[in-house]
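Quick note, the sequences are listed as chains A and B, same order.
The numbering used here applies: residue 113 is where the first sequence begins, and numbers increase by one.
The numbering used here applies: residue 113 is where the second sequence begins, and numbers increase by one.
Keep in mind that the hints were calculated from the coordinates and are not lab data.
Among the clues, some could well be false.
It does not matter which identical chain is meant; a pair holds if it fits inside one copy or across any two.
[Said to hold, decoys possible] Pairs of lysine-lysine, DSS-like flavour, derived with a Cα cap of 27 Å: (1) Lys264 <-> Lys178; (2) Lys225 <-> Lys463; (3) Lys128 <-> Lys264; (4) Lys264 <-> Lys382; (5) Lys133 <-> Lys468; (6) Lys466 <-> Lys225; (7) Lys210 <-> Lys382; (8) Lys275 <-> Lys161; (9) Lys416 <-> Lys468; (10) Lys128 <-> Lys325; (11) Lys178 <-> Lys128; (12) Lys225 <-> Lys203; (13) Lys203 <-> Lys325; (14) Lys203 <-> Lys471; (15) Lys210 <-> Lys225; (16) Lys463 <-> Lys390; (17) Lys471 <-> Lys225; (18) Lys210 <-> Lys133; (19) Lys225 <-> Lys128; (20) Lys466 <-> Lys210; (21) Lys133 <-> Lys225; (22) Lys471 <-> Lys275.
Below are the chains, spelled out letter by letter.
There are 2 protein chains.
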Amino acid sequence: MTNTEEIVHNLATLAKAASYKLASLTSEEKNRALLAIAHSLDENRSYIKAENALDIKAAIEAALAKPLIERLTLTDQTIDNMIASVHSIIKLSDPVGKLITTRTLDNGLELRKIRTPIGVIGIIFESRPNVVTDVAALCLKSGNAVILRGGKEAEHSNRAIMKVIEDALNKIEFTPHAVQMVPIADRSAVSYLCRLTGLIDLIIPRGGEALIKAVSDAATVPVIKHYKGVCHIYVDETADVAMALDICHNAKCQRPGVCNACETILVHDKIADSFLPKLYDLFTKANVEMRGDEQARAICPGMKAATTADWSEEYLDLIIAIKVVHSTQEAIDHINHFGSHHSDAIITDNKNTKLKFTKEVDSAVVYVNASTRFTDGFVFGLGAEMGISTDKLHARGPMGLEELCTYKWVCLGDGQIR
Amino acid sequence: MTNTEEIVHNLATLAKAASYKLASLTSEEKNRALLAIAHSLDENRSYIKAENALDIKAAIEAALAKPLIERLTLTDQTIDNMIASVHSIIKLSDPVGKLITTRTLDNGLELRKIRTPIGVIGIIFESRPNVVTDVAALCLKSGNAVILRGGKEAEHSNRAIMKVIEDALNKIEFTPHAVQMVPIADRSAVSYLCRLTGLIDLIIPRGGEALIKAVSDAATVPVIKHYKGVCHIYVDETADVAMALDICHNAKCQRPGVCNACETILVHDKIADSFLPKLYDLFTKANVEMRGDEQARAICPGMKAATTADWSEEYLDLIIAIKVVHSTQEAIDHINHFGSHHSDAIITDNKNTKLKFTKEVDSAVVYVNASTRFTDGFVFGLGAEMGISTDKLHARGPMGLEELCTYKWVCLGDGQIR
Numbered sequence: 113m114t115n116t117e118e119i120v121h122n123l124a125t126l127a128k129a130a131s132y133k134l135a136s137l138t139s140e141e142k143n144r145a146l147l148a149i150a151h152s153l154d155e156n157r158s159y160i161k162a163e164n165a166l167d168i169k170a171a172i173e174a175a176l177a178k179p180l181i182e183r184l185t186l187t188d189q190t191i192d193n194m195i196a197s198v199h200s201i202i203k204l205s206d207p208v209g210k211l212i213t214t215r216t217l218d219n220g221l222e223l224r225k226i227r228t229p230i231g232v233i234g235i236i237f238e239s240r241p242n243v244v245t246d247v248a249a250l251c252l253k254s255g256n257a258v259i260l261r262g263g264k265e266a267e268h269s270n271r272a273i274m275k276v277i278e279d280a281l282n283k284i285e286f287t288p289h290a291v292q293m294v295p296i297a298d299r300s301a302v303s304y305l306c307r308l309t310g311l312i313d314l315i316i317p318r319g320g321e322a323l324i325k326a327v328s329d330a331a332t333v334p335v336i337k338h339y340k341g342v343c344h345i346y347v348d349e350t351a352d353v354a355m356a357l358d359i360c361h362n363a364k365c366q367r368p369g370v371c372n373a374c375e376t377i378l379v380h381d382k383i384a385d386s387f388l389p390k391l392y393d394l395f396t397k398a399n400v401e402m403r404g405d406e407q408a409r410a411i412c413p414g415m416k417a418a419t420t421a422d423w424s425e426e427y428l429d430l431i432i433a434i435k436v437v438h439s440t441q442e443a444i445d446h447i448n449h450f451g452s453h454h455s456d457a458i459i460t461d462n463k464n465t466k467l468k469f470t471k472e473v474d475s476a477v478v479y480v481n482a483s484t485r486f487t488d489g490f491v492f493g494l495g496a497e498m499g500i501s502t503d504k505l506h507a508r509g510p511m512g513l514e515e516l517c518t519y520k521w522v523c524l525g526d527g528q529i530r
Numbered sequence: 113m114t115n116t117e118e119i120v121h122n123l124a125t126l127a128k129a130a131s132y133k134l135a136s137l138t139s140e141e142k143n144r145a146l147l148a149i150a151h152s153l154d155e156n157r158s159y160i161k162a163e164n165a166l167d168i169k170a171a172i173e174a175a176l177a178k179p180l181i182e183r184l185t186l187t188d189q190t191i192d193n194m195i196a197s198v199h200s201i202i203k204l205s206d207p208v209g210k211l212i213t214t215r216t217l218d219n220g221l222e223l224r225k226i227r228t229p230i231g232v233i234g235i236i237f238e239s240r241p242n243v244v245t246d247v248a249a250l251c252l253k254s255g256n257a258v259i260l261r262g263g264k265e266a267e268h269s270n271r272a273i274m275k276v277i278e279d280a281l282n283k284i285e286f287t288p289h290a291v292q293m294v295p296i297a298d299r300s301a302v303s304y305l306c307r308l309t310g311l312i313d314l315i316i317p318r319g320g321e322a323l324i325k326a327v328s329d330a331a332t333v334p335v336i337k338h339y340k341g342v343c344h345i346y347v348d349e350t351a352d353v354a355m356a357l358d359i360c361h362n363a364k365c366q367r368p369g370v371c372n373a374c375e376t377i378l379v380h381d382k383i384a385d386s387f388l389p390k391l392y393d394l395f396t397k398a399n400v401e402m403r404g405d406e407q408a409r410a411i412c413p414g415m416k417a418a419t420t421a422d423w424s425e426e427y428l429d430l431i432i433a434i435k436v437v438h439s440t441q442e443a444i445d446h447i448n449h450f451g452s453h454h455s456d457a458i459i460t461d462n463k464n465t466k467l468k469f470t471k472e473v474d475s476a477v478v479y480v481n482a483s484t485r486f487t488d489g490f491v492f493g494l495g496a497e498m499g500i501s502t503d504k505l506h507a508r509g510p511m512g513l514e515e516l517c518t519y520k521w522v523c524l525g526d527g528q529i530r
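Bound conformation, chain A alone (with noise of 0.2 Å):
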């Protein structure tokens, strides 16, 4: 075992004992932990500043992208964001213990499917700071003990907010190792981190394609992934040209640094001639760079050349792949071989056409006549969220406390044999 796997197996071990002890506590108790998580981020303000602007520096000096810095940084603002979540997380109610379904055999033994935490969680992810405070509170809500993996570009930033948790925590001695942070920055905790079968119940990576690729062929252990969003606008030939504009304005350029922002549009080549030259006027004022296909290029030649590349492309910044189609069978197989399986939208008047994109787009969330931009576990109304996943299994698109938690069957007897 090298220092690095010791650290991380001791981590481990100690979270999977926590996770025993989480399982039990009242939601008063839960509660409780998260007010003083709240008071001590109001309280600590200055530091979590300070902290966060030797990152920034850092961010600037490596000449970030802008998308990725605003992702970065920390303000009173974000800041008050941060505690309002974990506010709005005391309020939902507790997801663990609840009764799923009930059913009584023949022979009198009661079967009851029961929720529970899931156990130990290891969440690795990329820059966005108050990631660790929504998945802090979010776990502790649901019971699990928590493992935080940040990315170094937020180093300083996840290290303080940790330490901020950490105090409020031992302070009213809360069950200790309940949320814990990888503390080396060496890559190989996190490979051996996702290998721990038996201590690690769940990985979620959260993050690009590297992160994701990484963490998918290391991991023996369960993963959801958290991947990029390559979210598409579909523009049917039976579109309303002023909605379309109007969405795909809004999916890409209201805040083009998020996953649910949009990166590709698709137009029906009979619509594509009326309307690709007002998209391109609009997104030529909205500083958009285009980077259309050949077809799009021989109606609106402003557009820079797109390449394969783009098609599967997360930009988050203000640049659009545009690509005009012949069909909605060719949108819908466009947008399951590029896509990332997380949020795309049709733009449609045909109850036909949106009937069979709703059903054969395989997304977490397929839109109709709306921006992309909604996915989002507080607007889905599952409080705040773990992130999106953009895997199939145990929970697709927002995930929040339930989707945190498994159940178990407890069956009830007097003495029944089979």
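Here the structure of chain A is known, so what remains is to put chain B in place on it, guided by the hints.
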């Protein structure tokens, strides 16, 4: 790409294409296919039994354990059960397209959480050729394409049943490639299959330690393990002795070759002196070999000595491990450490002990005063079962039609932007 990889990649590509078609089939179309399979099984009994005889002959020559040969054997009774199982799946309600929940946002956007097939499922299993029909029928009804890979010991039987299914589906011109079997014995086929991200959506390994470990280590696609059943009965100090004897006898002897049979009995030391001699007599009459720890053997010297390896052994035979424990906590810790998180029971008359045990034992099914033998999809009201998941993610315990589905969010708007 090796020849094996090419064959497996081709299977998976065909399955993926089939999965999109299967997702859109009506319940009537799927039930028609199931009916054709049921008829075809009935018509081809002698062919199936003749091929099965080849496997049994080989198993006897290889001196396989009796319960293993029992699991391998197809009689007219077993074939009746296979047919009955297909008919029972026809009668089950179709999970696909069911509305799980719905919510309308203030802006009028309507969110619908809808049950959908998972896509392409790979199942890797050992012995029990009747798994082929159960799995094919369940996947078909839930709109999933499936790729099966059985064990060498049931090679002829599996292939024969697969041929019967294929012929039945071809005859009614059903969606091709819905049910496929890996046609080669090469072991590398399995590890390659488990890494086909984008083509395979889920791998279910169903079998013993070596199989589960090989698949978990190799896989990059999601895995739901159907691991062995190291099931426990904990006889608490307050247990009703007659009830405890009945349940121990039933859980060990009624059908020792199945995963929900009991493999270890834990006895509280306060009841051990009175309970163990009675258990010893009962098991001696039933030809059960007992392997006790030191304290159990001090009471019943006729028991063989258990080694540490016995605590995690799935005997699948008339053998049982017996250990004296000194508290409910010790019993729980033993089960969580050595068990396989399948099915575990407590025999007790104490309310608090009952509660502690059901909360803290980390298993798919936890029984109070009942035999572990009830863990079964059919008994639990799920219809037939794909197997028993010993994992915590997505499905835990018996896996039926609903557990073979995921969901998507379909959001219907009229121009909503954020």
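So which of those numbered hints doesn't the model satisfy?
-> 4, 7, 9, 11, 13, 22
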